[in-house]
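Kindly generate the complete structure, drawing on both the sequences and the hints.
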Amino acid sequence: MTKSSTFRLSAREWLEANCPPAMRTPPPEGGIVWAGSRVHFDSTEQQQWFERMRDKGWFAPDWPVEYGGGGLDASDTRILEEELSRLRCRAPMINLGVWMIGPVLLASGSAEQKARHLPGMARGEVAWCQGFSEPGAGSDLASLSCRAERDGDSYVVNGSKIWTSYADRSDWMYALVRTDPAAGKHAGISMLLIDMTTPGVTVKPIDLISGKSHFCQVFFDNVRVPAENRVGAEGEGWQLARDLLGHERRAMSKFGDNNVPGVDFLALARQLLPLADTASRPLLAERVARAAMDEHAYKLTLQRAHEAGRAGQDVSGLVASFKYLHSEQNRERHELLMALAGNEALGWEGDPFDETLLKLTRQWLNSYTYTIAGGTSEIQLNILARRVLGLAASGG
Amino acid sequence: MTLILGEEQRMLQDSAADFFASRLPLAANRALRDLGLTHDTQAWHEMDELGWSGIALPEELGGLAFPLSGIALIQAQAGRTLAATPLLSSNILCAGTLALCASDAQQRDWLPGLASGKLRAALALDEGPRHDPVRITLAAHRVGDNWLLDGAKAMVMDGTLADTLLVAATLDGETALFILPADSAGITRTPLALIDSRDAARFAFEQVAVAADGLLARGNAAEQVLATVLNRARICLAAEMQAISRVLFDTTLDYLKQRQQYGVLLGSFQALQHRMARLFTELELAESCVAAALSALDGDGDLALLAALAKGKTGEVALKIANEAVQLHGGIGVTDELDIGLYLKRIRVAEAQCGDHIFQRTRYAHLIQLAEAL
Ligand SMILES: Cc1cc2nc3c(=O)[nH]c(=O)nc-3n(C[C@H](O)[C@H](O)[C@H](O)COP(=O)(O)OP(=O)(O)OC[C@H]3O[C@@H](n4cnc5c(N)ncnc54)[C@H](O)[C@@H]3O)c2cc1C
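Chains as they are written, first to last, in the UniProt record's numbering: chain A, 1 to 396; chain B, 1 to 374.
It cannot be assumed that every hint is accurate.
[Stated by the list, open to error] Sample of chain B residues facing chain A (criterion: CB under 7 Å; computed from the structure):
| # | residue |
| --- | --- |
| 1 | L3 |
| 2 | A365 |
| 3 | L367 |
| 4 | I368 |
[What the hints assert, rightly or not] Quick partial rundown of chain B residues pointing at chain A, CB under 10 Å, derived from the structure:
| # | residue |
| --- | --- |
| 5 | L265 |
| 6 | Q270 |
| 7 | A286 |
| 8 | G312 |
| 9 | L370 |
[What the hints assert, rightly or not] Residues of chain B clear of chain A, computed beta-carbon distances all greater than 12 Å:
| # | residue |
| --- | --- |
| 10 | A31 |
| 11 | E46 |
| 12 | P133 |
| 13 | S184 |
| 14 | T188 |
| 15 | E337 |
Read the hints as simulated data drawn from the structure, not as lab findings. Glycine residues also receive a C-beta, built at the ideal position from the N, C-alpha and C atoms.
If you want it as structure tokens, here you go:
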């Protein structure tokens, strides 16, 4: 038996023995553990799955063992991902440390930063949030203005970050700040690691159209950050952020199908259709079929990209379309379910309404965030047009 | 199910690409049209010599041991240069039916001719304006040992060139499939001039006598075989439309990178960039559907569901891309000189054949159990 088939078998065996059956079903919205010092579990199965994966070193399977990782090479890491997906295991946790800033530190952090931060990420003990967007800098991220002024051994940070996911539960933030307002738009940006307990940091969760949320605005009022917490050199922040967003894309693709929270579109549509008014039913059914075909086509496209990638073909164009397709289709499906459920989906809360439909309504409202967060649909189309199709950049 | 081509499939695809590029390039097909011809008989013989007409048919009857997906791959390459082939009618629809349900004697009678290309067959099915495999009114009666056919077929692809007809009829309220020479007494055939300048004919059947062994199948068996070969044909048509979509997309993208207005390239206008980017995502979705359907064609996957998905999705996308291709070329887009119009017309025909995307979507709805609501 080859080395990789031996590993595949042992990984499969271990996952079968250690992933509780309840963790092999699609998670509800918010159903994946947010790792960190304030970790909270909804069930014992969730906790077991979290702890077992942590102790195995498989939160960060491809990191060196000295930093708490699993020490797997690239090929075994991919095998592990395939086995996780085959068993339909949920992600054991969400951790922007492991997924996003960790790989950047591994590549570009100082020895001291690696030793200090990586183990806590790999064990899911420290929660990280991403402080990039600002009230004045969204799609045009490089126009950010949150200021970090050098003062002796520290930076003094003033300004604000917005949309920071889970800032209210995070221990640390990796942030883009402007260290040199005189330098060019991109050249004046640096990356800082900020301890969220530092005096002067205020976190305010934002209420969304779907209700309470973990998306926050973070205010910095003369926050002192030790200069040793800067990643890379001054002015290197933009390049590091680009590296990091590359990891984001990879992380999101790992996140895969098993972990997309949400209702089973077709199952719910089949339940709701017979209740619809007879006259509208054929048209509704036609729209359900159309959305189901699009979803089917999308899933086949994920599979095709996976197979083609393994066969060594260039799938960067395909992959660049996933975020756009998934978030747009997802919103359309939710809108269609809203139409199918009619008045029964108009409830905000309360016993008279069916629990599934109340959840649907919130998820419909939530579905708008996916076409905005992580680069809006329009920005995705810009990227496709310019990088994949090679059309010249214009003013937009 | 695998969604990328295997080695053998890639080799066939490459040799088909070479064949059409050198033997039936777009300019040659345009020239055929200008001469009022529907196809190049000599080139069809060359296809026969390559063994293509015998793909997936029994070897002992002259067939070639290659999976059915081979025909879809050839069809796709033919699509790129708009070359007509005999494969869909003769092989997929007619020989495919014989191989599935005919007796040994019937197979020996017909398959060697079809596999070698000596015979060309066409399926006479649709009677109304839209594809409708369940509404068949052409009637068959038993008279002594023979059968008599009475009725009409509105659109038979390759019906003018065919020497053999596979006719769908109703017999005692059931579907029945007959095979007979196309010049049988009582048949009137009227050639049709189509927008894609391919071969088609309208047929009237008046007291057409068919020998006893002309009946291939009836009832449930006939319906199932018909459903199977139609699904296979749908996948081949999907592969062809997808290939055409790609040509149109690439052509349009090139144009946007070269045509200037207002002192800048058209491709720098964001409104156009987003339209192209959207089309790109649609094109890739359709590609995946075709890939899955090719697997199903070779027995790996749900043939009916993937045929509906692939033909439905590629048809919808192909129409969209063809429309955009015309629009984004501006005035020159509506001239006959530009090839885009030729592709547009072929897409319209391929879209309609064996059920357009609306038909396929309805099929898909039935297959995923939404039928009660329809
Ligand atoms: C739920 C949620 C979670 C988020 N989490 C985080 C996080 O954890 N950390 C973080 O840093 N950020 C986060 N974000 C921020 C997110 O990245 C931004 O919201 C996003 O980049 C868009 O910026 P904006 O909201 O300022 O919109 P704007 O950039 O102002 O865009 C407004 C509209 O204009 C369009 N537009 C903008 N530029 C162009 C252009 N060039 N061409 C065409 N159209 C254009 C946009 O598509 C959009 O429709 C989150 C956002 C949301 C909604």
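Against the structure, the hints:
1. Interface hint at L3 (chain B): satisfied, since its Cβ lies 4 Å from the closest Cβ of chain A, which is below the 7 Å cut-off.
2. Below 7 Å, beta-carbon pairs count as interface contacts, and A365 (chain B) has one with chain A at about 4 Å; its hint therefore holds.
3. For L367 (chain B), the suggested interface contact is broken, since its CB lies about 9 Å from the closest CB of chain A, more than 7 Å.
4. For the restraint placing I368 (chain B) at the interface with chain A, the shortest Cβ-Cβ distance is roughly 6 Å, inside the 7 Å limit, so the hint holds.
5. Because the smallest distance between the Cβ of L265 (chain B) and any Cβ of chain A comes to about 6 Å, under 10 Å, the interface hint for this residue holds.
6. A cut of 10 Å between beta carbons decides the hint on Q270 (chain B): the least distance to chain A is about 4 Å, and the hint holds.
7. Taking 10 Å as the C-beta contact cut-off toward chain A, the hint placing A286 (chain B) at the interface holds, the least distance being around 7 Å.
8. Hint status for G312 (chain B): holds, given a least beta-carbon distance of 6 Å to chain A, under 10 Å.
9. Given hint, L370 (chain B) at the interface with chain A, holds; its Cβ is 5 Å from that chain's nearest Cβ, closer than 10 Å.
10. The claim that A31 (chain B) lies off the interface holds: its Cβ sits roughly 33 Å from the closest Cβ of chain A, which is beyond the 12 Å cut-off.
11. Separation of E46 (chain B) from chain A is adequate, the least Cβ-Cβ distance of about 32 Å exceeding the 12 Å criterion.
12. No beta-carbon of chain A comes within 12 Å of the beta-carbon of P133 (chain B); the shortest separation is about 19 Å.
13. Every beta carbon of chain A lies more than 12 Å from that of S184 (chain B), the smallest distance being close to 41 Å; the non-interface claim holds.
14. Chain A leaves T188 (chain B) outside its interface by the beta-carbon criterion, the shortest separation being 39 Å against a cut-off of 12 Å.
15. Annotated as non-interface, E337 (chain B) keeps its C-beta farther than 12 Å from every C-beta of chain A; the closest such distance is 26 Å.
Violated hints amount to a single one, hint 3; each of the other numbered hints is respected by the structure.
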